[in-house]
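The task is to assemble the complex, starting from two chains supplied on their own in separate frames and drawing on the hints.
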Amino acid sequence: MVLTRDTTPRESRPALPDDFAQRFGAQFAELSAESGDPREFSLQWGTRAKPGNPQAGLTIDDINVGLYGHIPDRAESRNRIPRGAIALKGVTDVGGYSVCDAHRLWSDQAGQLYEEAIQSRWQTATDLPWDTGHGVPEDVELAVCQVATELCQQSQTEIEAISKWFRELNPIYHEVKLHLACNVFDAARMFDGYYKRAMLNGGGMLLESTGYLNRIIQECYSGWTETSTLLHLVRGSFTHTILRYLTTYGPTQLDRELAGRCLADKTRHIAYAMDHLRFSFSKAPERAGAYAISLVAAEAQVARDEADHVLWEALAVIFGGGVRGMDEGMEIVKRLRRDWVNDYLDRMAWAGVMRRAGVHPALRQWIEEPDTEAVGS
Amino acid sequence: MAHTFPSVEWFQALADIANGDDDLKKFGTLDATVVFKVAEQHYSVTFDILQARDVHESSADDALEADFVIELSPEKWQGMIDDIQTNGRAGRDWTLNTLDMIDDEPIHKNLGQDGFAADKFHRYGPTLQRFMDNSSQLETEFAGAAVTT
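Protein sequences appear in the order of chains A and B. Residue numbering for the first sequence follows this note's numbering, starting at 1 and increasing by one per position. Residue numbering for the second sequence follows this note's numbering, starting at 1 and increasing by one per position.
What the hints contain is simulated information worked out from the structure, not anything from laboratory work. Careful, some of the hints might be misleading.
Once the Cα atoms are required to be at most 20 angstroms apart in a straight line, the calculated EDC-like pairs of lysine to aspartate or glutamate come out as [said to hold, decoys possible]:
#1 Lys-334/A x Glu-105/B
#2 Lys-50/A x Asp-104/B
#3 Lys-26/B x Asp-127/A
#4 Lys-25/B x Asp-327/A
#5 Lys-334/A x Asp-103/B
#6 Lys-334/A x Asp-104/B
Stretch by stretch, here's where chain A covers chain B in the computed footprint (C-beta under 8 angstroms, at least three residues) [said to hold, decoys possible]:
#7 43 to 55
#8 70 to 76
#9 119 to 126
All C-beta atoms in this analysis are idealised placements derived from N, C-alpha and C, irrespective of residue type, glycine included.
With the rest of the complex left out, here is chain B (with noise of 0.2 angstroms):
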């Protein structure tokens, strides 16, 4: 069943696999309430040690509580996405790491301006990668564009 990109049922499904995924434990905790920002939406995931939790649609209000939002443009959701699904994990060029660097804006930032908070996304960097890295299970539409698997 395909599942359309950008929606709750995507971010939940991800959340689903990551829930049963022994080895994403092996990457450690993840303590943290993340919202993945595409365009103007904002999907929300708290992450409470090894479960991935509460995933839903959120405003930009909402966006100032979380520790951090990961913002990319659709056309790098889409690109990430597609990596992902052609190589089972991102290459070098679509981590969320390199994603967040090579650009002069870096792609997460704490709305609040609080730099700990902001600062999770490394602590947890491994086990958000291999969080992304498992929407290589999803089967994904992209909102107007055509099925990828």
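The shape of chain A in the complex, shown without the other chains (with noise of 0.2 angstroms):
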């Protein structure tokens, strides 16, 4: 790193506040045997941040200017130094943040999935149609209320497996940690939203999914890109598509605009480990052996979860208006099954890893033209 000093005469520089020198001199002449000025030694003073577009004001990306905005491969330091800051002589490693390679967590996406994440305010207690989630036929809210508790224990799922994450990932990478604090409030308020929604006509939770995807992305332990692409985009593939049918055969206003809702929050979540995945591989292309031990692994899991009825037939009952439209609505299950398979395959072939010759044989009978990729661009 090049330390760039302010080269201003002493002179011609305003003077320090009277008291400067006396409540903080002492501590930067520590680092400094001439001066305690700070303007002397700051590794970029004079450095300014201007909006970069004035519509979206000054963002997390305008600031990475000069040596602020430079994103190294790997960072030096295991503490919880911020990114262009001056390290304390003498200070040791805090412990944890053992992800310090851009490789392993970086995406040049992720100050600006923040942003939005930021942006886009809302909340489940508010911004829904509350009073229109009644009327609905009993054993189709039982249906709802089955649905709701999967994508609960899947939101529990993320906001525990991020959080798990959050001491390793080196702070230095300021802006993918800024976004995934995001993606674990997106999560709350998914739990929130659909906690809500089960409890809004007496049906409540009803019963725990099978949860073995839920199990090894808990308990991933490879690393956090093999972490994400369990949970972004296995899973998120799979939650995505499950929303994504929700806001069209909800059987309330209420259920087709929180699951309106939660999918544009799930497709920020996509869009980081899609860009990840992909940075990831142009840096490090020899890992990609171990994604593809780990989606061998996650997919097995699938295909057990895959295996209970319960999640399928809950969904029939909802896309078919009740028990009585269950065939009709299986028809509809199974161009989900095929659309989240389909999806999650061609997210993996954007982001580098092409899937489809491999993939799991209980989810091998959903696949589209089995012989072709979709290609990123």
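Listed below in structure tokens is the structure:
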């Protein structure tokens, strides 16, 4: 890192406040034998950030100016130092922050995704038409409660899986951590929304899912990239497809709007993972084998979850408008299963992982055009 | 004043409404170039965070540069706009999400097969739906058809 000093002649600089040296100067003087004036040894004093797009205001990406915008391939410090700050002498690693390589967490999209997340402000309590969520036939209501239970469980898994990794992700890549903080918030909001939905008409929480995939997401210690791939691309694509279908087949306006709002959030999470995985491959193509192993294990667990009929039957009741329409609803469920597997494989292909040929046999039945791969640009 | 659909004027009027719609901002930013395809005509709108701008008729080649193209038959465009004008917003059968899913072919695609860009259809879905729902405020006449309000 190049240390850029302020070259303004000392005598022409405005004076620091009288009490500066007394209050802070001694601390800075420890770093510089010459002066207690931080302008002389700040890594890049005088760097100013400006909004890049007046519509967007001053975004997190806009402050990436000069050395503050230098995203290192590898973080040198394993402590909480913000990017561009001056490390104290003698401070050792504080523990954690084991993910120090950009290729293990970085995405160029993370800053924008963070901005989108905080700009998209909505709350389940007041931004959803709760009054439209009544009058649902009891069999459909029970099915909605079952699906809500599973979506709550998926949200819990997401919150815990990401939270567990926060301490391992080096804060020098702050855009990623800010985006993931919003991801946790989004997952909390989805939990909140579907729990409330289940409680609206007396149904409440029903049967927990088999949770095989949940478990390996929680217990993935291979790395953050692998965890994100399982969480955002395997599970995320599945959740995304369910939400997409609920935007159309949800029995009430409330159900459709709740799903639509969560769908937008979920697409952001998937966007991070796609872009991160593609970046990771560009920097460390030799890790492809490790990802493939993670995916083989994940797809096997997905297959075990898929063998459980509870979720499919609940969705069939919703899509068919009741138990009597289950056969028709199950045809829509088949489309849903086809869509999720193909969307998952397309996203993996965009990131650089060609899985169609090797996908788990239980998922292969849903593949369209097995000999072709979607391509990214 | 009636605006003819499809036309640059119709989409520009919709963009003008969006740019003055404070409620639209609550649905989040929209940062994408979207092409609306009606039969063989293409209308491009660039959504720049909270502004819809640069509305113009584009060529099929230009559509390759869009994040995604939304393509519906003229009859379905009319059905959607009629429904929005009747109800003030798209009913379940006429939302972008429903139209995207109900047939075998989705209505949105990135012509360069860039799945990341195509996903923006869902990422910005609520805002995009609000954009279309604002057509309830436009007196619309369809080319070769009667005026609908």
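Checked hints:
no. : hint                  : result
1   : Lys-334/A x Glu-105/B : holds, 16 angstroms
2   : Lys-50/A x Asp-104/B  : violated, 47 angstroms
3   : Lys-26/B x Asp-127/A  : holds, 10 angstroms
4   : Lys-25/B x Asp-327/A  : violated, 41 angstroms
5   : Lys-334/A x Asp-103/B : holds, 14 angstroms
6   : Lys-334/A x Asp-104/B : holds, 13 angstroms
7   : 43 to 55              : holds (count 4)
8   : 70 to 76              : violated (count 0)
9   : 119 to 126            : holds (count 7)
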